[in-house]
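A.B. asks: Chain by chain, the residues run as shown.
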Amino acid sequence: MWLWFSKLGSPKWFYELSGKWLPWLIAAMVVFMTVGLVWGLLFLPPDYQQGFTSRILIVHVAVAGTSLAFFPLLLVSGTITLVWRMKLADMVAKNAAILGAWFSFITLATGSLWGSVMWGTWWEWTDSRLVSMLFQLFLLLGVISLRSALEDSETAAKACALLSIVGCINVVIIKYSVEWWNTLHQVSSPVSMDTQSPNGPEFWIATLIMIVAVYLFLSVSLILSTRNEILERERRSQWVQDLVSKS
Amino acid sequence: MSEKQTTTSAAFLATLKRDLLIAFKKKNDVVNPFMFFIIVVSLFPIGISPESDRLTEIAAGVIWISVLLASMLSMDNLYRADFEDGSLEQLLLSPHPLFFLVLAKNISHWLVSGLPVVLVSPLLAYMLALPEEAYLTLVLSLLLGTPIMSLVGSIAVALTVGLGSRGLILAVITLPMSVPVLIFGTLAVQSTLNSQSPLGYLSLMLVMLSVSVSLAPLASAAALKISVN
Chain U
0 MWLWFSKLGS PKWFYELSGK WLPWLIAAMV VFMTVGLVWG LLFLPPDYQQ
50 GFTSRILIVH VAVAGTSLAF FPLLLVSGTI TLVWRMKLAD MVAKNAAILG
100 AWFSFITLAT GSLWGSVMWG TWWEWTDSRL VSMLFQLFLL LGVISLRSAL
150 EDSETAAKAC ALLSIVGCIN VVIIKYSVEW WNTLHQVSSP VSMDTQSPNG
200 PEFWIATLIM IVAVYLFLSV SLILSTRNEI LERERRSQWV QDLVSKS
Chain W
0 MSEKQTTTSA AFLATLKRDL LIAFKKKNDV VNPFMFFIIV VSLFPIGISP
50 ESDRLTEIAA GVIWISVLLA SMLSMDNLYR ADFEDGSLEQ LLLSPHPLFF
100 LVLAKNISHW LVSGLPVVLV SPLLAYMLAL PEEAYLTLVL SLLLGTPIMS
150 LVGSIAVALT VGLGSRGLIL AVITLPMSVP VLIFGTLAVQ STLNSQSPLG
200 YLSLMLVMLS VSVSLAPLAS AAALKISVN
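Top to bottom, those sequences are chains U and W. As numbered in numbering that gives the first Met the number 0, residues 0 to 246 make up the first sequence, in order. As numbered in numbering that gives the first Met the number 0, residues 0 to 228 make up the second sequence, in order.
Treat the hints as calculated values from the structure; they're not laboratory data. Just to be clear, a hint being listed does not mean it is correct.
[As the list claims (entries may be wrong)] Simulated restraints, written as ranges between beta carbons of each label pair:
hint, chain 1, residue 1, chain 2, residue 2, range
1, U, 204, W, 35, 51 to 59 Å
2, W, 37, U, 150, 31 to 39 Å
3, U, 235, W, 31, 31 to 39 Å
4, W, 47, U, 234, 52 to 60 Å
5, U, 29, W, 195, 52 to 60 Å
6, W, 24, U, 147, 32 to 40 Å
7, U, 37, W, 209, 52 to 60 Å
8, U, 112, W, 195, 33 to 41 Å
9, U, 153, W, 217, 19 to 27 Å
10, U, 111, W, 31, 21 to 29 Å
11, U, 83, W, 8, 30 to 38 Å
12, U, 101, W, 209, 30 to 38 Å
13, U, 21, W, 224, 49 to 57 Å
For each residue, glycine too, the CB sits at the ideal point set by N, CA and C.
Take the sequences, apply the hints, and build the full model.
C.D. replies: So, in structure tokens, the structure goes:
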């Protein structure tokens, strides 16, 4: 079991294995993404309350759900970095922070696109999810800027791991305190924030397909950027040199 | 240090005393954040409105945000001088648990930078036309909130202690983390203004304080070990 575990941490092993998986993951992503986007954005019947605007939600809900996975991901990889000093975990964490910031940003962007039609405003402080997503973005940007500020890569790995763990605890506290703040401050809200108003089953199937598609997209981009990182950091090792001279 | 075996509590007190002594020798580091706090608060009425009705509405938020900014500025001094003259390494080499030594440094930092701000806050609250009945809540919420900021901010300072210029990165890391404290601190004052009991919020802040006292020094200690190697 431990042999397997330490093997997992070897960048070379990961590079070879992920190379085998990658075509399948990309193929699955393309299928799910095409089905989800074409069906969701072009053919889905309009919601009886929201009209065609509900089609934005297909993308928004999928991206938002996925962006919640980043802090747990950073927590796990940070713990692995600190406890087992696994280089691979840090390579994943570095790219996960950057991807997480993008996902949070896209969540906010698609959310305000939808909000601009449904609520009549691009930004609404009374919606606690919007506010806590904003602060998740800020926390991730903090992790990214800490890494870029620290020059020594080993120090940066451990420092970012620690900050990610602290940030993960914090993002939970922020989420609940913002919710609390809102329920008390909420004087008027433009519409019900409940996106789970009765929708047809098609809506949920389309959303599910999109969620799978976005998760696949996340895995593919994370694997691709981690492979890139492996090649860059291990550029002096023999197997990378062999790989480069072969191609 | 004497050659005799010292107890952890003696080391704790020695660190506390040393840091306080240094703070009183270098008055600039103590006075500047304090002055910064007073000046920032005084700028708000000029920027927003001199009418007392409007000031009453924003008073708690203005004071709280200025406190956060001031505490962040003063945080910079927490480990830097020690890092530069090497005494931080001595601290890490000490046989006593780093947890208590870090806690001592945090406490002395709060006594020097947090407490003065808390003490002067009623004066500024008066200037911002906050009704008198909210003074006590404001002071209590600051009394509970500023140590949390010192303890949590200490983690970020410890992580960035080796960097040359880190004023802004410290802000980027620490300020988002201060959201819960800001929310409960201002809500406590608001609820007093609405003649409700602020006790719920204050006890939540007490919970956050006890959690950060017990966990944040651990993270700070780990961060210091990462930064100083």
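A.B. asks: Now, for every hint given, state plainly whether the structure supports it.
C.D. replies: So, going through the hints one by one against the coordinates:
The hint said 51 to 59 Å for the Cβ distance between residue 204/U and residue 35/W, and at roughly 56 Å that hint holds. Take residue 37/W and residue 150/U: their Cβ atoms lie about 38 Å apart, and the range 31 to 39 Å holds. The hinted range of 31 to 39 Å is not satisfied by residue 235/U and residue 31/W, whose Cβ atoms lie roughly 47 Å apart. In this structure, residue 47/W and residue 234/U meet the distance hint of 52 to 60 Å, their C-beta atoms being roughly 55 Å apart.
Against the hinted window of 52 to 60 Å, the Cβ-Cβ separation of residue 29/U and residue 195/W comes to about 56 Å, which satisfies the hint. A C-beta distance of roughly 36 Å is found between residue 24/W and residue 147/U, which places it inside the suggested range of 32 to 40 Å. Taking 52 to 60 Å as the suggested C-beta distance range, the pair residue 37/U and residue 209/W conforms, at roughly 54 Å. For the pair residue 112/U and residue 195/W, the beta carbons lie near 38 Å from each other, so the given range of 33 to 41 Å is met.
Judged by the Cβ atoms, the range 19 to 27 Å given for residue 153/U and residue 217/W holds: they are separated by roughly 21 Å. The hinted range of 21 to 29 Å is not satisfied by residue 111/U and residue 31/W, whose Cβ atoms lie roughly 40 Å apart. Our hint of 30 to 38 Å for residue 83/U and residue 8/W holds, since their Cβ atoms are close to 35 Å apart. About 37 Å separates the C-beta atoms of residue 101/U and residue 209/W, a value consistent with the hinted range of 30 to 38 Å.
Checking the proposed 49 to 57 Å range against residue 21/U and residue 224/W shows it is violated: the Cβ atoms sit about 38 Å from each other.
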